[in-house]
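Below are the chains, spelled out letter by letter.
Number of protein chains: 2
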Amino acid sequence: MAISREGVLLVLSAPSGAGKSTLIQRARAEGGFAYSVSCTTRLPRPGEKDGEAYWFLSEAAFDERVAAGDFLEHAVVHGHRYGTPLAFVRENLAAGHDLLLDVDVQGAEQIRACPDPAVRRALATVFLTTPTFAELERRLRARGADLEETIRRRLRNAEGEMARWRAYDYAILSGTPDEDERALRAILEAERRRVARIQTPAIWP
Amino acid sequence: MAISREGVLLVLSAPSGAGKSTLIQRARAEGGFAYSVSCTTRLPRPGEKDGEAYWFLSEAAFDERVAAGDFLEHAVVHGHRYGTPLAFVRENLAAGHDLLLDVDVQGAEQIRACPDPAVRRALATVFLTTPTFAELERRLRARGADLEETIRRRLRNAEGEMARWRAYDYAILSGTPDEDERALRAILEAERRRVARIQTPAIWP
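Read top to bottom, the protein sequences are chains P and V.
Be aware that the first sequence starts at 1, since it is given in my numbering, and climbs by one per residue.
Be aware that the second sequence starts at 206, since it is given in my numbering, and climbs by one per residue.
Certain hints may be false.
Calculated from the model, a selection of chain V residues having no Cβ within reach of chain P, i.e. all distances over 10 Å [as the list claims (entries may be wrong)]: (1) S243; (2) P249; (3) A299; (4) R344; (5) E354.
Computed from the model, here is a short list of chain P residues facing chain V with C-beta under 8 Å [claimed, not checked]: (6) D169; (7) A171; (8) I172; (9) R193; (10) R194.
Honestly, the hints are just simulated from the structure, not real lab data.
All figures in this text were calculated on a predicted structure; none of them were measured in a lab.
The C-beta atom is built at its ideal place from N, Cα and C for all residues, glycine as well.
With the hints as constraints, model all of the structure from the sequences given.
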């Protein structure tokens, strides 16, 4: 069913261990999203081309982009800076493409504070979490990837992140990967049908 | 995944011929909704029991209920009055049951005007329509149930109803019955995960 509408800007945050990476991978593999290419100050790894996984910028160039208001959100992760280009987001939304952004609670706050009307119309924020703290701990231990110290740090961070779940539009209580994906897909399908997002000429009379 | 939340009050309107009755039947058959029993002033048909399909009221009793503010919405259809009991709706929402109400554009306006905070939190309104006016006409003729005069009246009414689609939260452009049902189900699944509807004690910390 063809319908003239602006894209949905789906922003997903989650405490570490809740299953966000899996959900993002599955949702992108399933398709239907434009893929946002971030800017970063980290050096390209062998074989990485500019504009594919990332746009690679110097610290000075990144500073200039920040000062010019070119980023929808930007953050420091492990000493490297990452930013989501606002122009790319705006162009995709105007073309009716949906975007799925993986950001932490600070990134989501920056996006919520964005004054751009197109971004504000498009935005739907989703917080993914486990039903209980014990389940988050169980999952972090079950993946067997982290040292005890790292697990404890992730759990401490999770408490701070959880304190902000009420600022999101939607909360998904993580079940199986299939259940999580169905929930995210339902939110996207519902948001696509928001009247505020449908352009008038597409609907008669 | 158990989650403590209030129910969703899904209100569906559509111009005649857009496929609303089919969608309501399918959604209710699929399950997951509490069924709202309306009050009416029409006489019971043979075999109809009070409180099953309807609560049967005299005109005077109906008037009293209207005056007492007992109806979420009420309307006159073919000379008979119908009303949705507010107490029933409130009880179901508080128990976390979702409701699907089939109302016309006037009924939806009454519900939107309801000052009850529980109703306001629960409400999500959906307008179902065909992508074009020509498609609505085609469907009305294809079902072969109406006289030409009735079809023309339905089409005139549809224009007035369409003029109010922007007052709804969601618009479903009707495709196949399966597509319509998937769209409504996605809206329900998304609305179930609205943070505003989830009670705090259910989410840690």
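Results for each hint:
1. S243: It holds; S243 of chain V is separated from chain P by about 26 Å at its closest Cβ, greater than 10 Å.
2. P249: Holds, because the least Cβ-Cβ distance between P249 of chain V and chain P comes to about 38 Å, which exceeds 10 Å.
3. A299: The assertion about A299 of chain V holds, with a minimum of 20 Å to chain P.
4. R344: 14 Å, holds
5. E354: At about 21 Å from chain P, E354 of chain V clears the 10 Å cut-off, so the statement holds.
6. D169: At 6 Å from the nearest chain V Cβ, D169 of chain P passes the 8 Å test, so the hint holds.
7. A171: 5 Å, holds
8. I172: At about 6 Å, which falls below the 8 Å cut-off, the nearest Cβ of chain V leaves the hint on I172 of chain P intact, so it holds.
9. R193: Check passed: Cβ of R193 of chain P comes within 5 Å of chain V, closer than 8 Å.
10. R194: Result: holds, 6 Å to nearest chain V Cβ.
The structure fails none of the hints (numbered hints given earlier).
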